[in-house]
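Going down the list, the sequences are from chains A and B. Using this note's numbering, you'd call the opening residue of the first sequence number 15 and step up by one each time. Using this note's numbering, you'd call the opening residue of the second sequence number 90 and step up by one each time.
Certain hints may be false.
As the list claims (entries may be wrong) - Once the Cα atoms are required to be at most 30 angstroms apart in a straight line, the calculated DSBU-like pairs of lysine-lysine come out as:
#1 B:K539 - A:K128
#2 B:K465 - A:K128
#3 A:K224 - B:K419
#4 A:K43 - B:K465
#5 B:K465 - A:K182
#6 A:K330 - A:K464
#7 B:K524 - A:K182
#8 A:K83 - B:K567
#9 B:K539 - A:K43
#10 A:K83 - B:K501
#11 A:K330 - B:K532
#12 A:K43 - B:K532
#13 B:K244 - B:K192
#14 A:K330 - B:K524
#15 B:K524 - A:K124
#16 A:K224 - B:K501
#17 A:K128 - B:K532
#18 A:K124 - A:K330
#19 A:K238 - B:K419
#20 A:K124 - B:K539
#21 B:K524 - A:K125
#22 A:K516 - A:K224
#23 B:K524 - A:K128
#24 B:K539 - A:K125
#25 A:K125 - B:K532
#26 B:K192 - B:K255
#27 A:K125 - B:K450
#28 A:K182 - B:K532
#29 A:K182 - A:K330
#30 B:K450 - B:K524
#31 B:K465 - A:K125
#32 A:K238 - B:K501
#33 B:K243 - B:K450
#34 A:K224 - B:K503
#35 A:K238 - B:K503
#36 A:K124 - B:K532
#37 B:K465 - B:K524
#38 B:K503 - B:K576
Just so you know, these hints were derived from the structure itself, not from any lab.
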Amino acid sequence: MSGTSNLLNWILWMPIIGVLGILFIPRTKEGAIRVWSLINTVITLVLSLVLYAKFDTTVPGMQQAFSVKIPWISQFNINYYLGVDGISLPMIVLTSLLLAICILSSWTIKKQVKAYFALLLFLQSTVYGVFMALDFFLFYVYWEVMLIPMFFLIGVWGGENREYAAVKFFLYTFFGSILMLVGMVALYFVSGQTESSFDILALSGGHFTKEVVEIFGMAIPFAKLFFVALFIGFAIKVPVFPFHTWLPHAHVQAPTAISVILAGVLLKMGTYGFLRIAFPIFPEASVYFSDAIAWLGLINVIYGAFCAMAQTDVKKLVAYSSVSHMGFVMLGLAAMTVQGMNGAVLQMFNHGTSTAMMFLLIGILYERSHHRWIVRPDGSKGFGGLYTQLPVYSIIFIIAMFASMGLPGLSGFISEALIFLGIYERFTTITVIGVVGLLIGAAYLLWMFKRMFFGEVVEECKSYTDMNAREVFYMIPLCVAVIFFGIFPSPILNVMKASVGKLVSLLAQY
Amino acid sequence: MALTYLANIGRYVPELIMCFTMVGLIMIEAAYSDKEKGSSKGYLFGFAYMGLFFSLVYLVQGLSKDPVTLFTGSVVIDSFSTLAKIVMVLGTAFVIYLSRQSKDIYEDMKSEFVIIAVGVLVGGMLLSSANNMLILYIGIETLSILSYVLASLKKNDTRSSEAGLKYVLYGGVSAGIMLFGISHIFGMTGTIQFTEIMQILPTLDAQKMAILLPSFLLFFVGIGYKISCVPFHMWTPDVYEGSPLPVTTFFAIVPKVAGIAVLTRVTMVFFGGEPTALQMTWVGTLSVVAALTMTVGNVSAIGQRSVKRMLAYSSISHAGVMIAAATVLKQTGATSILFYLITYMFMTIVAFFIVSIVQDKYGNDHFERFNGLMNKYPVMAICMAIVMFSLAGLPPLSGFVAKFNILAAILKEKYYVLAVILGLNSVVSLYYYLKIVRLMVFKPAESDEKIEGFGFVNQTFIAALCVPVVVLGVFWEKIILIADGAKIFIK
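Sequences are here, hints too, so could you generate the full structure?
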């Protein structure tokens, strides 16, 4: 008990220790900064694995052994309150894994190394904060603070159009969070019949079904109104159509490691928000809106896939494929069945690993070619015949692509299968159309692969070198993850089963 | 009676100290000015700081004391006004420091600036304690007349003169309108004492209320002008831009704090009780004014080229946020306003300080002057970024906490629409605050020239002022407790 009670604190604050350490390393000692950051993230990863090992998979909901609660602002009954359950644990482990890999992949960063790694570690800490916070206020603080390092990381180290992308990302998500803030504070006061608080666990359970809000003389049910406020806040992060327009810009302009974190972790914060806050607190409204959520999810799947198909920039293609894949997660959430929700959480994890692979691979290619055109604007081929030139790269690319496509035996398949199993009964039409999305997904990925890897070797591709040891090294854990969890997903499924079951049974009452 | 009077006047010492300081400053200036120009400045600044310091000590001591009324009930010293005065005194002290550094005020005008600033401060202190229509009017006029002089402090600069003139004209008209409203209120109620008006208001019949209603709106014009809320904001950008930078900083703090404080007091005293038609009109007016002020201020700030002008418009929108909290009519509103004022003062000072030094270097304060500041002066750029994020309301900075408190106060009263407008305005404001951060961090510097103003002392000073902006964002419990204890005394 005593050994584990501070584990969450350690994981949350470890990256901050890393940041402080970096501040003391002179700017010119770039090697030391990299190694220090790597050591720091590896320690965090080990701590996360310890958390995973000590996690009791039979307990639904929050695990007492890990929870931390310290009073913060007594006037508003705000606490520094951390906890972990089966939904947040996979996200924490995913974050730790991806961050360690991101540090390795950022070895080639030359510009302002010190600031880059400090911001990266700072970002890591804020992401943990979101996944651990059990106080809505604390959650909100972390949710917002995360924007600051992200803004700089995209804006300073990004591509040509980085400023526009960074500002758009910042404003867009800030807009969503502000609505969330209003909803959050309103919730605080409505919860005041017993005791006003921001405690997510105390708020959840569907206490607010009878509350009514009067706006310009119209009586509107509180739960529905503020579910929508929270929905927009989270949906922008996911991103759910039509709030997705920031994502392609941010992805394309961001440096590789940031794209990885963005797609691998940050998008999941949105769906995590649904699971942790919107659904448990407003179960009735969630059920009421589940049709709409399912349709929006479907639009994401199909629209994202079609957009991806039209891209000539390979990074943009993968960015739109993320929109499509997150649509599957939304479908799973809308199902509100055990399989659907399990599938959604599993897909959150699996998409994190597979899309991270894709972005890392594109980053590796970009370092060699300095462009990402499948077809250049003038109509000539950007890449061609890579398969014969870069064999190791191609093999890993194939694994990543198939995992992302959802080929049986690789991780994407299981989660998508679970999602479709989960939604079939409630939304048969949507399921049928949704499966078409899988098909389109296969089509654009294979087309891309054909155009880039087969055919005549484009002249400049001949000078590219294959992946070096460092690059292969950081791809290995991800390859293992997508293959291993494709065959044997129960290490993740077991962890989340109980917690997801608890949420589903709450939703089933409405 | 006489004894209690003597005992109570002890609470009026901070104002008296400032009055004596002003007189002392004038005497120092008179004694030295004929000799070599500027030889008096060391004494002058020293004396001003001494006065401000003693006044501050008295104020802090008085914070925990019971509220009293003075001068037959026309002035009230309570913890609300005391806290507002502390903010004003601190703000004045910082601005005087800034004025000494700034090149925007001519060397031979610096002593005038200090003297007049102290005078404005006295007016502000009186205004925040006003418990009677006449004192309110005197407070506003003391504040205003000296401000007119400040605005045109750069005598041979046409824009500064224009600013002064504009300020005088607008100020004169609005003061006249307010006086008309006040006399009308006096005509209807037969008294100018706040507390007596408060008792009469609920007893009025519908007809009398209908007559009184416009007079309250006229009365609001004067206050609205002072805090530059829409539609009385037109003067602000021009005056702010035309005035020398330390003066602009001063205008953004002291008159604003005083205006917001008196607005809160008037609102709470007159309309804090049972809902009447008058109260609903007043609150309704305030809500609309708040929403408009926030929006107009923010939207206008987007298109500005000069940072000073941008900050001027942004200060309009911040006033709007505070007016929104004034609609609450309860202690929670007053508390959130006080917290906002405290954080707002620190943020404004840091922002204006950095702008001032940059402007002194380049001769103007266009946005491009901030390009690449991150590479040249990282500490300053980080401070500026912190302040910009804080002004926009990002956690974990104090600006966020301030906005959160106001949102909480509004939402507790279930003013959902106002809360959403407030929130959306934060998003708009982020756009232009972000612009500065963007230029500082993402753009390369125009030149490698040094900026002399960013010496070690000034950098330390600015960084130190930045500390509360960060610390109050995380550890705000104590301050909110103090602000919560600062009740408005009604007697």
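> Taken at face value, is the distance from the CA of K128 of chain A to the CA of K524 of chain B at most 30 angstroms?
Replying inline: holds (24 angstroms)
> Does K524 of chain B lie within 30 angstroms of K450 of chain B when you go C-alpha to C-alpha?
Replying inline: holds (21 angstroms)
>> Does K567 of chain B sit within 30 angstroms of K83 of chain A, going by the straight-line distance between their CA atoms?
In response: holds (20 angstroms)
> Given the hinted pair K125 of chain A and K532 of chain B, is their alpha-carbon gap at most 30 angstroms?
Replying inline: holds (14 angstroms)
>> Please verify whether K182 of chain A and K532 of chain B have alpha carbons no more than 30 angstroms apart.
In response: OK: K182 of chain A and K532 of chain B at ~17 angstroms, within 30 angstroms.
>> Run the distance test for K330 of chain A versus K464 of chain A: straight-line Cα separation, threshold 30 angstroms.
In response: Roughly 17 angstroms between the alpha carbons, so the hint for K330 of chain A and K464 of chain A holds.
> Are K125 of chain A and K450 of chain B close enough, with their CA atoms no more than 30 angstroms apart?
Replying inline: holds (29 angstroms)
> Given the hint that K524 of chain B pairs with K124 of chain A, does the C-alpha gap stay at or below 30 angstroms?
Replying inline: holds (26 angstroms)
>> Given the hinted pair K83 of chain A and K501 of chain B, is their Cα-Cα distance within 30 angstroms?
In response: Satisfied, since the Cα-Cα distance of roughly 26 angstroms is no more than 30 angstroms.
> Between K539 of chain B and K125 of chain A, does the CA-CA distance stay at or below 30 angstroms?
Replying inline: holds (23 angstroms)
>> For a C-alpha distance cap of 30 angstroms, please report whether K243 of chain B and K450 of chain B respect it.
In response: Roughly 18 angstroms separates the two Cα atoms, so the pair holds.
>> For a C-alpha distance cap of 30 angstroms, please report whether K43 of chain A and K532 of chain B respect it.
In response: Holds, at about 25 angstroms.
Hint check: no violations occur; every hint is consistent with the structure.
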